[in-house]
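K.L.:
Can you build the whole structure from these sequences, using the hints too?
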Amino acid sequence: MNKLLKQTLLATVAAGVVATAQAETTMVIVSWGGAYTKSQQRAYHQPYMDANPGITIVNDDSASEGASKLRAQVEAGNVTWDLLDAEAPNAITLCDEGLVEEINFDKDLAPAPDGTPASVDFGKSLVSDCFIPQIAYSTTLGYRSDIFDVGPTKMADVFDLKKFPGKRALEKRPDPNLEWALIADGVDPKDVYKVLDTEEGIDRAFKKLDTIKDQVIWWTKGSQPMQLLADGEVAFGSGYNGRLFEAIEVDKQPIKMLWDAQAIQLDGWVVPKGAPHKEEVMKYLRFATDTQRLADQAKFISYGPLRASSAPMVGKHADLGIDMGPHMPTAPANMKGAIFYDFEWWADNKDDLAERFESWLAK
Amino acid sequence: MADAEAETELITTADGIPLKQALKKALWQRKKTALLLVSPLFLFVLITFLIPIFDMLTRSVDNSIAGEQFPSVVVEIQRWDLDSSEIPDETTFQALFKDFKAGAERKTISRLGRRLNYEMSGMSGLFRKTARKIKKLEAPEAATEVMIAIDKKWGKLDTWRLIKRESGNYTNSYYLAAIDAEKLSDGSLAMKAEDRQVYVALFWRTIRLSITITILTILLGYPIAYLLATLKTKTSNMLIILVLLPFWTSLLVRTSAWIALLQKEGVINDILVAIGVLNDDSRLAMIHNEAGTIIAMTHILLPFMILPLFSVMKTIPPSWVRAARSMGATPFTAFRRVYLPNTIAGIGAGGILVFILAIGYYITPALVGGTKGTLISNFIAYHVSTSLNWGLAAALGTILLLLVLALYILYDKVVGISNMKLG
Amino acid sequence: MALPIHATLGERIWHYCFMAICFAIFTFLIFPILIILPLSFNAQPFFSFTSEMLHLQPDAYTTKWYQEFFTSLNWQGAVKNSFIIAFFSTIISTFLGTLAALGLSKPDFPFKTTIMGLLISPMVVPLIISAAGMFFFYSRIGLQGTHIGVILAHAALATPFVVITVTATLTGFDHSLTRAAASLGSSPTYTFFHVTVPLIIPGVISGGLFAFITSFDEVVVVLFVGSYNQRTIPWQMFSGIREQISPTIMAVATILIMISVALLIFLELMRRRTERLRGITPH
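Residue numbers (this note's numbering), protein chains in the order written: chain B, 62 to 424; chain X, 17 to 439; chain U, 1488 to 1770.
Note that these hints are calculated values from the structure, not bench results. Keep in mind that a hint or two might mislead.
Stated by the list, open to error - Listed next, the in silico BS3-like pairs over lysine-lysine satisfying Cα-Cα at most 30 Å (straight line): (1) Lys180/X to Lys123/X; (2) Lys233/B to Lys388/X; (3) Lys169/X to Lys255/B.
Every value quoted in this text rests on a predicted model; they were computed, and no experiment measured them.
P.N.:
Here you go:
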């Protein structure tokens, strides 16, 4: 085949690819479903599709099995996902194992409106080379406001079955239950990971959890504790603060927040290695993680945007008209006693503790 | 077929071919047709089902990751003795440095760390830390010192013993983990510490719950099958619909019905409170525990017991019991000595079927079992999709599969697979 | 089962006790299914009866959960996927299963038990093992998260039911009928289509129904082999129950029960037809 012909052919193929890409690209974005996906749909996907008629975004709600399915896909060399929403610890593991793409933050992401590069604007939330932060959320507790005369105020109350009887719904994983157990046992939130880093510290946490084990219903999906709280099956339920906000403000359930010892965590995007529409996805990411879009998401769900430049733009809830500022986990009043999740520590110890937690549960 | 039979009259066929040969040919022809008819399905099941299962089972012993991530280390470590009281030599450390740096750049070395972490906690952290630091380093003169400077664990005998032990392409450690055992650093086997044991107890629980459910289905199914078998055909045809309707109703429909019935604010608790048996604040916990799993699964599997029992009981002439009675047996004796022995085969068939189905159940325990009512299947799913310890999932799966196969063979002996009937 | 006139008092008591026991067990079997129907009309988003419902106030009942089912994209996608997947897997498994059953029913089939055992194994192997195996293997060949992958997986799971039902029909098959046809000069092909097929067709249809319902009901394999885009009704129900129990699930359940009832009636009619054709009277 002569060179000219080869080049013409390549050009035609390339043109064809570009044309189809423009004509119709369907990107599969994997997220958590429910209210969270809805907020992303309204803040990111819909505006982007409106601006780019050739793009269709399909939501796949399997983020909870994200790591497993992605690993199988990459191992098989057959990736069907374009973008995955992941919690920071999972993103760190996926990045370490080379399953997701590294990001050049300043090049790939938009700067703040005042020109501050993205890497500065995101600041400390850039916990991995592959992780594009979106929001800070916290795992905290809600309690039935109608059963206690004097409501609980601190984490120790959650472990106090005498003063606050009733079932507790907790997430079926070691974090942040171990942290909470230590805090309830008197450890200062600042020292939690120092204590957890020792064998005795872990034993101490499990011992404390033992005291309420009989009264715990373990949940695996974010909406379960809300249902359990709403049905009155439990007195306390741990949950994501956004879901609790929905239950309290939208569904008007008799539930109150207990912000003490909330565990602040990060959630963001990772791009799978070998994503079918990588180029399109990078364009989408530049749009969806800019200052305005991140601030927009807070109109639909009470999670705090992770760009410093987005924070002042957080306004009122789109449907309820409530000022969202005080409902953010990052609001100063809520931050007293908060735990800052130690991602590195959990990335190192997650497997061990998950195993130990499972065997503890099975006892 | 018809030709071959016509030929039996003759010594040779019309073409002069000896009868024996012609018969053989016809027989072979018939076998060939039969095989030809079966082969498409056989190939289909082989490719879409049997190979995938076999492929998964091989994961339970697969350890090729060691060779992939540590290509030079696994070679060098051969020279080092497990019982040696000194860590491997500089050449091995050079290999370690080389493999580690390459792996860190490929960003795949953490996979091995994760793999080794199943055997010894702290390995995942060690590999991640080393990978972070090694990227900035150039090939050193003294790799031993450099590696130990990165983390003391590289100077520990236990680390190297582990690497040596798990350097082959195959491993038995997943099976050890599946029976709550582990290899100690000197290579001997031991049970894990009490608070780390899960699976043996879980297998026992699975078997115990399956037996309970099987017995319950026998107790509940026997009277119904007896009633259906002894009623007039017309009446029993009407009543059997009450058995077939649950049988044909989606598993998830029935499971969600039980959630509605059993939960704390559910129908049964409401009724009990309304009629004054319970106080409003002492509602029974019948779900998210063993009771939930047992009740829901007994309901779901009951038709699998009634139908085989019914078909066996239909074949027992009522005159047998009448004969026993006429010879002076009490109703109970007549039942125990005449009727019951004749239904043992049906109990066996139904019992094994229910047990096989129960032991591998996943959906219902996942939805109503909580933590106390989950079975081995739920742990397999957990390791496939959450913990990502696929080797352990495969090992647990293999053990479960062997259990089921043993029962399957037993079923074949009792009923015969070819005699299996449905609905 | 009728009580003879000469029954003693003890026998009478036992008889009524036995009837009461049977009644209780039938209630256990059928009550959970019946309870779903009224719950699906609950105006409150709970899984229980409200006191308004018990007082039969019309406000306490609603059809909004049915509306939600018929308008929600999630559920409509699930319905579409369920039918597509069940339809194609039924076609594949019925075709292959019937062929195989015809082969297996020939006398002196070599290694019959072993081959039958392997062909039936998808029914016996615990679903979680099948699902995990298919998840890994189908990922490797690019079928994970595709409709084709789920269809093939379901077809594999459904074939045993076809093989068993059609084999059962062929066991009662009177071979003298084909011989009679042959002796009257009909060709093997003609005999097959005009004698064998009409006689086994009820078996094939009930096998196909079993295959359909297997795929239509299946959730474990589709959870692993499928992805959100292959979500079927059971997939959606499973994640719904895990996520949030809304009465929409009860509405879906009611619709599924109606489908089961229809299937049941259909199967019963098929059975009667077979018996009539074969001249067997029900006993």
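K.L.:
All the hints need checking, so say for each whether the structure fits it.
P.N.:
Quick rundown of the hints versus the structure:
Only pairs whose Cα atoms come within 30 Å are accepted, and lysine 180/X paired with lysine 123/X is accepted, the gap being roughly 23 Å. Simply put, lysine 233/B and lysine 388/X have alpha-carbon atoms about 13 Å apart, close enough for the 30 Å limit, and the pair holds. A hinted pair counts as satisfied when its Cα atoms are at most 30 Å apart, and lysine 169/X with lysine 255/B qualifies at roughly 20 Å.
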